[in-house]
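> From first to last, the protein sequence lines are chains A and B. Numbers 1 to 353, taken from full-length UniProt numbering, label the letters of the first sequence in order. Numbers 1 to 316, taken from full-length UniProt numbering, label the letters of the second sequence in order.
Please keep in mind that the hints were generated in silico from the structure rather than gathered at the bench. These numbers were taken from a predicted model, which means no experiment stands behind them. Treat the hints with caution; some may be incorrect.
As the list claims (entries may be wrong) - Below, computed lysine to any residue pairings styled on SDA-like, alpha-carbon distance capped at 20 Å:
1) Lys274(B) with Gln52(A)
2) Lys60(B) with Glu242(A)
3) Lys172(A) with Gly122(B)
4) Lys203(B) with Asp48(A)
5) Lys203(B) with Gly67(A)
6) Lys240(B) with Val94(A)
7) Lys75(A) with Leu87(A)
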Amino acid sequence: MNNASFVSHAELADLLRRLSEQAEVWVPTRQAMTPHRPMFRPFQAGMDLDFQPMPVTSAKGVLFPQGEELLKFRKEKSLSEATVTTLLWEDPAVFRPTIVFGCRPCDARGFLVFDRAFLQGSFVDPFYKARRDKNLVVSMVCPEPDAACFCGAVGSHPADTEGSDVQMIPVKEGYVLHGLTEKGQEFLKNVENTPSQAQQEEARQVWTSAQGSVDSGASLTDDAQHFFKRFADTAFWRFHTERCLSCGVCTYLCPTCYCFTLTDETNGVHGERLRSWDACMFHHFTQEASGHNPRPTKAERFRNRVGHKFSYFPEKHGRFACCGCGRCLRHCPVGMDIRAIVRALGESEEVHD
Amino acid sequence: MNTLQSIVESIWDQVDVVLGWRVGYDPLHPVPTFVRDRKDIASLIWNPLCAPNLSVFLAKFFRTASQRDKKIGILAKGCDSRSLTALIQEGLVDRDRLLIVGLTCPGTVDPDALAAARTQSGPITAVAFANGMVEITSADGVECVPLDRVIERRCQRCRHAHPVLYDVVLHDFEPRPVPKDPFAHVEALENQSLEARKAFWLKELERCLRCYACRNACPLCVCQDHCLAESRTPKWVTQKDTVADKFLFHMIHTLHLAGRCTECGECERACPMKIPVGLLKEKTAQIAMDLWHYESGTDPGARPPLLSYDASVTGI
Ligand code: SF4
Ligand code: SF4
Ligand code: SF4
Ligand code: SF4
Ligand code: SF4
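Work out the full structure: start from the sequences and follow the hints.
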């Protein structure tokens, strides 16, 4: 490939420091308390970077923060008139450019799901758009897929470039970087060195062996077709979701889950309208004001999660709302496996309640 | 000799369902399973990877399945049996409808500690336990790690590795001996200055996602669908992603478990961010012992201190 750049292990921190002057650079870092669970954090000098294990959190908060102020308001009471006026004004949010540096290919593809949800159709989410326009994604060829990874089953692979502006390939002495988009080419001007022949060759090998390192034979596409046939099979959903605890681990760690709630958080006469992460696994997710809940149990809630990711979203947008990163099963306290449930959709075997 | 399978076979006619564990998506992650078909007894497993506390399912089970007349069979490690006992104490489950298979427990494996102890890195294809060792098989070969080195924090401080309540007991593993100071972790933190402790919790809780896995995995957190962490009227905690709100939620969780927490450590195990939230509850357990000589979940007949009122008690 042409236009390759090279950054050695020793130069990496300096590169990130220089980039941090232009943008907020999110990197996977290891914290002292959780050495085996790197998380994405804005780069700071002296940070302990760790690109090896899959970060516990995805990078989704960069474009879709867990809690985001949409506007501020203030109430005014007049003593003479018996009225309460609510004054609104937009939050003059400043959106800094961001770089996601060293995420997995699956995380990069996760953003493409967000793009469909937030940027397509008649309503464009201005907050997401402002962030996305100033964002650049540098993904890394996946060094060690584990038993929970299933990008291969959702039409991808550990060396996929889709959704990335730059791809970095780990080699012994550092990283070989390839610009994939115009933005990515521009970005590589920050990196002076070019890889040697040998490093280029090593990178090619790493890429090729990574590409085949997750089983791509067992695609979920056919199994997902059976979703509607199973929709009303309550016994099926009860059986498969009985052990779920209805927590938010799977959806909060998921790079493709984008559901949010809006709340007005007031403090005296001041307040802000907040958008924060929600999760369809929570009991009150579809609870109506009357108290009625059309998804009264975890069986209906889990069915929604499967349906949204593997049926409704693909029908509308032509891709699964799942990038196969495996976080939802890797960190589920009871090891729920969404792959297995999608696979079971087409099985004819009777389930008992 | 009894095996897990022979015990479950022997109680099968008395029960509707057996709550146990089976193999999950890889050898490291056994998952809870509900056995309703005799042929599935064969799929049940018990080993130090069977971490989830199955009593978390019981309160809901009793609310929704109370019309059935048969018993519920449940596998219970030492700490799980304390949770069961506490649920019985609070009238949330009915002792007469339980058939408890107690398991003497050598401690459960902390997956992060196991990852740290390994010298090989290939994906694990099999795990076996013998003579206090964990034997891990991967493409790189077989390696052995002492179980003691990789058990969870809850197990390092466990005082009831032999179940406290059961109908039949399976003695597959030597129960862990009672540690000298089960509150050493709490005390080490408490001996620090107020500033240091504040800094500790700010740093830990800063990464809390408010996913509420700690709450939902807790067998004693029984009002989770109506938790005040999410109640809108009245509103106690905002949705803001700030450490103050996270701290408030954890304080509420802790206080609701005061004198009730059975130190099963599920809150901490369930946390994807590895926040040591168990420490908060251990402190309340220690206070309950100091104040009332009360140890939750060890006596099905005892009345939990905060479910009673005694005007003569001082020091609160
Ligand atoms: S599938 Fe797992 S992570 Fe998701 S809600 Fe259920 S218990 Fe929690
Ligand atoms: S559903 Fe699971 S595997 Fe798919 S993107 Fe979300 S966390 Fe990853
Ligand atoms: S509906 Fe559920 S699965 Fe879909 S994005 Fe929302 S939280 Fe995720
Ligand atoms: S499980 Fe961990 S991250 Fe989730 S709410 Fe509890 S402490 Fe926070
Ligand atoms: S608070 Fe934690 S340790 Fe205590 S009973 Fe609940 S899950 Fe177990």
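> Please flag the earlier hints that this structure goes against, numbers listed from lowest up.
Per hint list: zero violations.
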